[in-house]
Amino acid sequence: MATASNVAGKSPAQAQEFTRPVRSLWSDAWLRLRRNRLAMASIVYLFLLALVAIFAPVIAPHSPSRPTSTELRERGTYRQAAWIVDEKNPKRSGVWKFPLGTDSAGGDVLSRLIYGTRVSMVVGFIPMIFTLTIGITIGLVSGFAGGKLDSLLMRFTDIVFSLPDILFFIIVQTAFSQTAFGKTFNGLLLIFLSFSAVNWASVARLVRGQVLSLKEKEFVEAAEAIGVRRGSILFRHILPNTLAPIIVAGAFIVPSAIVTEATLSFLGIGIQPDTNPNNPFPTSWGQMILEGKSAIDSQPWILIASAIAIASITIAFVALGDGLRDALDPRQ
Amino acid sequence: MLKRRLTRLLALLVLTVPTLAACGAGDATPTTAPAAATATTAPATGAEATATTAPVAEATATTTEATAEPAATEGNVLRVHQVAYPDVFDPQKSSYSAEIVLLSQNYEGLTRLNDKLETVPGAAEKWESNAEGTVFTFTLRPDLKYSDGSALTSKNFAYAIERTCDPVTAGEYQSILFDITGCADFASAVVTDTAQYDAAKAALGVSTPDDKTIVISTVQAAPYLPTIAGLWVMYPAKAELIEKGGENWWKDASLQVGNGPFQFSRIAEDQQIDFVRNENYWNKAKLDGISMIYIDDSSVALEAYRQGQLDIFQPDPSQIPAVQSDADLGPLYISYPGANTTGLQFNTTTEPFNDPKVREAFAYAIDRETFCEVIRNGDCLPTLTWIPQGIPGYDATEDRFAFDPEKAKAALAESTYGSADKLPEITFAYSSNDTANQARHEFLANTFREVLGVEVKLQPLPSKDLSAAKKDNATYPQISLGGWIQDYPDAQNWLSVFWSSKATFAQRQGYGNPVVDEFLTKADTSTDEATRLEAYGAAQKLIVGDLPTAMMYNRVNKYVINPRVSGFSQTAADDQFPGQWTSYSIEIK
Amino acid sequence: MIGFIIRRVLAMIPVLFLVALITFFMMKQAKGGPFDQEKEVAPSTIALLNRKFGLDKPAWLNSAEFSNRLSTEGNPFLALRGLFDSQFGNYLINAVQGDLGPTYASKGTETVQDKIKETFPISLRLGMISLAFALLVGFPLGILGALRQNTIFDYFSLIISTIGFSVPTFVTGLLLLLVMSKVFDVAPIKDPSVWQGFSTSYIPPAIILGLGTMAYITRLTRSSVLEVKRQDYIRTARAKGLGDRVVILRHILRNSLIPVITILGPAVAGLVTGSFIIESVFRVPGIGSEFIGAIGSRDYSMIMGSTLFFSLLVALGNIMVDLSYGLIDPRIRNS
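Keeping their order, the protein sequence lines are chains A, B and C. Residue 69 is where the first sequence starts when you use our numbering, and the numbers rise one by one after that. Residue 10 is where the second sequence starts when you use our numbering, and the numbers rise one by one after that. Residue 20 is where the third sequence starts when you use our numbering, and the numbers rise one by one after that.
In short, the hints are calculated from the structure, not lab data. For clarity, every value in this text was computed on a predicted model and none was experimentally measured. Positions of the beta carbon are idealized from the N, C-alpha and C atoms, including for glycine. Be careful, since some hints might not be right.
[As the list claims (entries may be wrong)] Mimicking EDC-like on lysine to aspartate or glutamate, the simulated pairs with C-alpha atoms at most 16 Å apart in a straight line are:
no., chain 1, residue 1, chain 2, residue 2
1, B, 260, C, 133
2, A, 156, B, 335
3, A, 156, B, 337
4, A, 159, B, 382
5, A, 159, B, 337
6, B, 466, A, 342
7, B, 221, B, 134
8, C, 136, B, 278
[To be verified] Between beta-carbon pairs, the in silico distance windows are:
no., chain 1, residue 1, chain 2, residue 2, range
9, C, 44, B, 125, 48 to 58 Å
10, B, 316, C, 174, 33 to 43 Å
11, B, 261, A, 131, 49 to 59 Å
12, A, 214, C, 257, 41 to 51 Å
13, C, 167, A, 257, 19 to 29 Å
14, C, 249, A, 216, 37 to 47 Å
15, A, 159, B, 414, 19 to 29 Å
[Said to hold, decoys possible] Short derived list, chain A residues pointing at chain B, Cβ under 10 Å:
no., residue
16, 101
17, 104
18, 108
19, 141
20, 160
21, 171
Isolated chain A, as found in the complex:
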């Protein structure tokens, strides 16, 4: 695991003795990250996806909701992607008006794909924040307090860590998806919470490990020696030094959360449908994969497009995570 402490622990006064210009860990890391082409490409791609998610209503050629009778008859269901011609059935022949064709209820696949970006973005970042918050708090407290509290918290963490997570998610979804709470925010809230409820454990272990090793470091001893208060030591000296590994961990939580949502939606127990045309989250890529799987013979592009979308966003996040880890770990 990355230990950036020895670099970040230097005081500005020490750094000035070097002949190199002053550089913090962060600007150093940024420089290294910029040299990593894969990570930079990922950042650009993810930035574009973020734009797509925010400006979905502007970019999408059609409304993501399914059409009503009149419009449906014109659109047709399972219309093929634009470049595929179906001579026997003109209603299914591809047209550029619907570049990736239409789905089982006449929805425009491209528009739904564009709106699906929103769910992936939200579902990646919000659980990451929840997970990190719980994990950092418990890890810091446990590591810094030590003693009985530490062993109690760690036993608890161990138990959570041993839960088979996907089984847990499936059971939680089956039990609570029909309650009012389970329906909040199209069921996204339940996914966020169940994800965070399991995944904080590894963050807590990580942070605790960092705190334990930092507690022994000279600069903490020095701070203690000059009478800095414990709270101040925790927040001004220890927490900043654990940031690098936490950022790396966070970068890997995002794709993991995206995959969880996609999996649950693919299982039909993820986000819940809503016909309100003003709903900002009309569908998710996982749901599209589920639909695409059953439509694989009539309209393969529902599956292909959504599978590529999921694959590319997770690859980008993992590549970014790798890049961040390399950049923040000065030994490499």
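Start from chain A and add chains B and C according to the hints.
Using the frame of chain A, we list chains B and C on its own:
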């Protein structure tokens, strides 16, 4: 490094629960067995090779054996695609159509259905009833034998009735025999109270004066009893074999000794079930055997058909466009109306659907043609009446409540609410087990918004939850799709079993109409066929007009059939394969 | 060391208890019982089925039975058994004895442990093959990447491992299936007996299943080899004039294997339990398919049983990691 367990621990839940033979929710296609199913091309003639743990060598041996099998034998076995592997195929315990199709090959009741779904002699060559229609005497064919050569007597049929009514059996179709004297009492007897149990068993209205005769008495006139006598609960599985095999007897092909046109020869769980021709059957079948091949993934099944591994393939509605556009498969695709009806079911006791005008508005707002043709890809045919085409009692003249946006708006305006914005919140429940349901219900919700300006909230529920909610009028969804799948082709099964105010189904929707009840009682107990049909017709008109359900469609039976298969009849009740009720006449060229 | 193992095994008990508790609680939350069907089932039938499965007892604690026994026997310790004569209590008591109860789907004709015995070997075989794949491909790929850092080999191994690591298996599985059927025309129907021994049918699902682990092993090997390459003793070895082969084989590989070995325990558990989606996509009749089926049909005993079984596997996997750390690193062993 964060532990990346997530990407590895994933699961698939595209499962739906198989529909009941009767009364399945119309929006749930009878699909997808829970367990994965692959199947083999090995012909049915093989010995009883249940899939046990076999080393690699044996596995390969089986494959070579399959290819080495004489071509002639293979050519005469009908390979039928089945979607869901059945839970239980014990005649007195089964309830799903995927189970019944198996039993109906292996066994035969006193009567059977012909290719027009008429009740004709089966194991019994004739029957007669007393003038009141309360005592039925069936005479068996001479020299009836089971497939193993043992004699089949009236005692075997009496045992079937007794076992169905027995509270220990507790089969889900127990109540279908409650017309038989003493059956309902026996079924509710306390098992632990031996005296009461034995007395109830003895009081059952079934007697066998000799080996060829069975007399069944009913609590009231039941002119449809001969039809019921052909149902799966009446199949004469052998008592001694059931006792020998215990609870799991039905899983062992050697214990399922039958009297039907075919005989179970191999049961490979979740994969394949093979039948061979029963040489002792009175109307010898033309095929050498039938193989039921279980593939829950319809794409795989399509591929298997293309590669010649199946003779009959059941496409999923999502595959119909691909099949129809396909140069090879398109011409081989057939579809015809099935014996089921689905409609928009209202809870007539909750707001706003306790107001008939609101129900009327919703009934007029449904564009059934677009729904069937575009959303369901021709998987169904629009209907405005209850009993489907091809079933006695079908009403071809019904034309009320056809799609009409103007009338829909007008009806809503005439309702006590006056306009859409004054309606309370409406939720539209559906089973989330079938992936396709979401798109279908989104379409309907969109239509209600467009036509009526009503915002309907969709509520996907796991099918078990939906069934549980539909059990009680208090929790019955405001609106949901649902209907009836026929048990037996008699208007009584469609009307009295469902819509009589004493019927649980009508009670759940909060429906009851004394005038309807009067007509139904008259029809159920009359022995004159014309009088019966007339009274049923009147009752049906009233029910459709009362709108406890806005009738929508009949799902079709749809198959891709290899041109080498011939001699199959097409009936509305073919929900597993074409000609399933008269499989003895199917041929392979 | 033995004390360590005993402590770890004992620590599994609260985990498994918690899993059972959570699963049971959640299943009680869900509406709809195992016998709910749309067709009306006679109340006597339902009552009979409920009695047969012990569902007529209270869910958690049977206080009525407790006071009943207390009054008849008077011994509060013996009466305690009455308190736990509940659905949950009986379940736990039977589960400890290896009896996970009858499955509901079979209407009580089959037990959960029978189902597990029948389907688990298939999942285990699938898991073993995919682990073999993950090791045989992942390890060389990682070494190659590290030894030829920043060359085309390195990029290739990086790309493969990034894809394997990030793309969900159901996506790769579905895409492979699409390619297999549309491009290569692979026969989909297999003889049922192919799953009963090792056969080629296992290969496509095993590759997809092993992709994640393979990628993980590649990444781990690569960074581990890079780490070892920088160590002083490698420099020493080279300074001594040892050839490339010797340095790589005797010094680098041997030392960089260690961290890889430590992940094998959880990898096995992960592969075996993680196979449900793959089993369903490729229609392998293993325990994963069974579990998914049970969720849909609300087969409580099957859900409880397989969840406990999976948890046990995961817990054992975790113990194996700790053990292997202990074996390798004396500092941990002695702590």
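### Message
Against the range 33 to 43 Å, how does the distance between the Cβ atoms of residue 316/B and residue 174/C compare: consistent or not?
### Response
Once the Cβ atoms are compared, 40 Å apart, the range 33 to 43 Å for residue 174/C and residue 316/B holds.
#### Entry: Restraint outcome when residue 141/A is required to lie within 10 Å of chain B by C-beta distance
Nearest chain B Cβ about 6 Å off; hint holds.
### Task
Take a quick look at whether residue 156/A and residue 337/B sit within 16 Å of each other, Cα to Cα.
12 Å, holds
### Task
Take the C-alpha atoms of residue 159/A and residue 337/B, compute the straight-line distance between them, and say whether it is at most 16 Å.
19 Å, violated
### Hint check for residue 257/A and residue 167/C - Cβ pair distance inside 19 to 29 Å
At roughly 48 Å between Cβ atoms, residue 257/A and residue 167/C fall outside 19 to 29 Å, so the hint is violated.
### Message
For the hint 41 to 51 Å, verify it against the beta carbon of residue 214/A and that of residue 257/C.
### Response
44 Å, holds
### Task
Please verify that hint: residue 108/A, Cβ, nearest Cβ of chain B, below 10 Å or not.
Violated - the Cβ of residue 108/A stays beyond 10 Å from chain B, reaching only about 23 Å at its closest.
### Query
Does the structure keep residue 156/A and residue 335/B at a Cα separation of 16 Å or less?
8 Å, holds
### Task
Would you settle whether the hint for residue 160/A is holds or violated, based on the nearest Cβ-Cβ distance to chain B being less than 10 Å?
Where the cut-off is 10 Å and the nearest Cβ of chain B is about 6 Å from residue 160/A, the hint holds.
### Task
For the pair supplied as a hint, residue 466/B and residue 342/A, confirm whether the alpha-carbon distance does not exceed 16 Å.
Distance ~7 Å between residue 466/B and residue 342/A Cα, so the pair holds.
### Message
A range of 19 to 29 Å was offered for this pair. Does it hold for the Cβ distance of residue 159/A and residue 414/B?
### Response
23 Å, holds
#### Entry: Interface hint compliance - residue 171/A to chain B, C-beta minimum distance less than 10 Å
Holds: closest Cβ of chain B sits about 7 Å from residue 171/A, inside 10 Å.
In this structure, the hints that do not hold are numbers 5, 13, 16, 17 and 18, in rising order.
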